[in-house]
Amino acid sequence: MTKHDQLGSFELMVILVLIRLGDNAYGVPISIELEKRTGRDVAIGSVYAALERLEDKGFVTSELGEPTPERGGRAKKYFHVTARGLKEVRETQRSLVKLWNGLPELERGKA
Amino acid sequence: MKANQPPTVAKWLLRHLGSSTNNETILGDLDERYRQGRSVAWYWKQVMTAVIVGMCNSRDNVEAFIAGWVAFWTLFNALFPLLGRCTVLVSVVGFISGLTVACMSNGRRWMALLLFSSTVAFYWVCLGIISSPYEPAVRFYKLMALGLSRSAQVSNETLVGNLIVLTLFIWFGASVPPARKATLQGQKA
Numbered sequence: 001m002t003k004h005d006q007l008g009s010f011e012l013m014v015i016l017v018l019i020r021l022g023d024n025a026y027g028v029p030i031s032i033e034l035e036k037r038t039g040r041d042v043a044i045g046s047v048y049a050a051l052e053r054l055e056d057k058g059f060v061t062s063e064l065g066e067p068t069p070e071r072g073g074r075a076k077k078y079f080h081v082t083a084r085g086l087k088e089v090r091e092t093q094r095s096l097v098k099l100w101n102g103l104p105e106l107e108r109g110k111a
Numbered sequence: 001m002k003a004n005q006p007p008t009v010a011k012w013l014l015r016h017l018g019s020s021t022n023n024e025t026i027l028g029d030l031d032e033r034y035r036q037g038r039s040v041a042w043y044w045k046q047v048m049t050a051v052i053v054g055m056c057n058s059r060d061n062v063e064a065f066i067a068g069w070v071a072f073w074t075l076f077n078a079l080f081p082l083l084g085r086c087t088v089l090v091s092v093v094g095f096i097s098g099l100t101v102a103c104m105s106n107g108r109r110w111m112a113l114l115l116f117s118s119t120v121a122f123y124w125v126c127l128g129i130i131s132s133p134y135e136p137a138v139r140f141y142k143l144m145a146l147g148l149s150r151s152a153q154v155s156n157e158t159l160v161g162n163l164i165v166l167t168l169f170i171w172f173g174a175s176v177p178p179a180r181k182a183t184l185q186g187q188k189a
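Just so you know, the sequences run in chain order A and B.
Start counting the first sequence at 1; every next residue gets the next number (the working numbering).
Start counting the second sequence at 1; every next residue gets the next number (the working numbering).
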């Protein structure tokens with residue numbers, strides 16, 4: 001695995017939200033879910049920048065949906081996590097858990 | 001009462017300066033959230049972030065910006081001993097560096113070009129300040145460039161005139177690639 005293929009922290013958050021949302025993952029629900037889960041304001045431009053990088057890495061695919069009047073007649077773009085993306089998330093989770101384990105400061109909830 | 005329509009100028013900015021291939025989808029998402037009750041200020045903040053993030057996320061545009069500066073710097077330093085800081089020099093350097101940025105950036109190159117021409121203009125003004133006879137500028141130059149001789153002093157009129165010519169030729173150089181593409185397409189047809 002090259003460094004280019006690794007998941008950045010924001011990319012990991014986005015891909016986790018995509019898994020959570022399933023078939024309804026397009027820009028608006030993704031940003032709302034990210035805001036809800038992180039408690040921070042999210043820039044839609046940053047979400048799309050992360051999605052473009054994930055698509056380049058082959059972790060995500062996209063398809064155009066139906067245009068709606070509340071979007072000014074523009075189509076939605078739905079994103080799906082690929083098998084390779086899921087594998088990468090599992091590997092990242094394993095690495096993070098290994099790093100997490102055995103840190104008394106975090107286990108006692110001091111940090 | 002909030003207007004139902006999102007800010008037109010912000011939309012125009014994202015459409016023309018945004019480097020993302022998803023610009024139209026981003027605008028659709030912004031419109032949808034705006035109609036769900038977000039403010040005009042929120043819309044503007046989102047547009048400005050999308051423009052900046054799109055520019056930084058586009059590797060082509062970042063490389064084009066760097067290549068433009070390399071072309072500008074190399075040509076300027078190579079031709080300066082021959083021509084001096086004259087209009088011919090700035091025209092040639094501006095045209096070729098603008099052409100370089102346009103050739104290396106992706107289809108949505110206006111943001112890269114705007115950033116390039118702004119930084120070149122800033123550099124030009126700094127160059128003018130350090131070569132001016134204004135006493136604080138002289139002291140600043142002596143402090144920053146110890147032991148180096150100062151470049152030739154030029155009048156403010158020449159400096160501003162050359163800056164305008166430089167900027168015009170950067171944009172002129174950048175407008176050549178699409179025209180050339182159109183000609184090639186016409187020949188193929």
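A few of these clues could be false.
Dumping the calculated DSBU-like pairs for lysine-lysine here, alpha-carbon to alpha-carbon at most 30 Å [claimed, not checked]:
id, chain 1, residue 1, chain 2, residue 2
1, A, Lys87, A, Lys98
2, B, Lys45, A, Lys98
3, B, Lys45, A, Lys77
4, A, Lys36, B, Lys11
5, A, Lys77, B, Lys11
Just a sample of chain B residues kept apart from chain A, beta carbon distances all over 12 Å, derived [unchecked claim]:
id, residue
6, Gly18
7, Trp42
8, Val51
9, Trp69
10, Leu75
11, Ala78
12, Leu79
13, Trp110
14, Ser118
15, Thr119
16, Phe122
17, Leu127
18, Gly161
19, Leu163
20, Val165
21, Val176
Just so you know, the hints here were simulated from the structure itself, not pulled from any lab data.
Since the model is a prediction, treat every value here as computed from it, not as a measurement.
Every residue, glycine too, gets a C-beta built ideally from N, C-alpha and C.
A quick look at each hint next to the structure:
Pair hint lysine 87(A) plus lysine 98(A) holds up; C-alpha atoms about 17 Å apart against a cutoff of 30 Å. Of the supplied pair hints, the one linking lysine 45(B) and lysine 98(A) is violated, its CA atoms being roughly 39 Å apart against a limit of 30 Å. At roughly 22 Å between alpha-carbon atoms, lysine 45(B) and lysine 77(A) fall within 30 Å of each other, so this suggested pair holds. Restraint check for lysine 36(A) and lysine 11(B): satisfied, since their Cα atoms lie roughly 26 Å apart, inside the 30 Å limit.
For a cut-off of 30 Å, the pair hint linking lysine 77(A) to lysine 11(B) stands: about 18 Å separates their Cα positions. The non-interface label for glycine 18(B) is inconsistent with chain A: the shortest C-beta to C-beta separation is roughly 8 Å, within 12 Å. The beta carbon of tryptophan 42(B) sits about 8 Å from the closest Cβ of chain A, which is not more than 12 Å, so the claim that it is off the interface is violated. The Cβ of valine 51(B) does not lie farther than 12 Å from every Cβ of chain A; its closest approach is about 7 Å, which violates its non-interface assignment.
With a least beta-carbon separation of about 23 Å from chain A, tryptophan 69(B) lies farther than 12 Å from that chain, consistent with its non-interface assignment. Once the 12 Å rule is applied to beta carbons, leucine 75(B) is consistent with being away from chain A; the minimum gap is 33 Å. With a closest Cβ-Cβ approach of about 36 Å to chain A, alanine 78(B) is found to remain outside the 12 Å limit, as its non-interface label requires. With a cut of 12 Å on Cβ distances, leucine 79(B) stays outside the contact zone with chain A, its closest approach being about 38 Å.
Interface exclusion of tryptophan 110(B) from chain A stands, the closest Cβ pair being 16 Å apart, more than 12 Å. With 12 Å as the threshold on Cβ separation, the claim that serine 118(B) sits away from chain A holds: the shortest Cβ distance comes to roughly 20 Å. For threonine 119(B), the shortest C-beta to C-beta distance to chain A comes to about 22 Å, beyond the 12 Å cut-off, and the non-interface label holds. Here phenylalanine 122(B) stays apart from chain A, with its beta-carbon at least about 25 Å from theirs, past the 12 Å limit.
Non-interface call for leucine 127(B) relative to chain A: holds, since the shortest CB-CB distance, roughly 34 Å, exceeds 12 Å. Annotated as non-interface, glycine 161(B) keeps its C-beta farther than 12 Å from every C-beta of chain A; the closest such distance is 38 Å. Interface exclusion of leucine 163(B) from chain A stands, the closest Cβ pair being 32 Å apart, more than 12 Å. The Cβ of valine 165(B) sits about 35 Å from the closest Cβ of chain A, beyond the 12 Å cut-off, so the non-interface label holds.
Against the 12 Å criterion, valine 176(B) stays outside the reach of chain A, whose nearest CB is about 28 Å from its own CB.
Comparing the model with each earlier hint shows violations of hints 2, 6, 7, 8; every other hint is respected.
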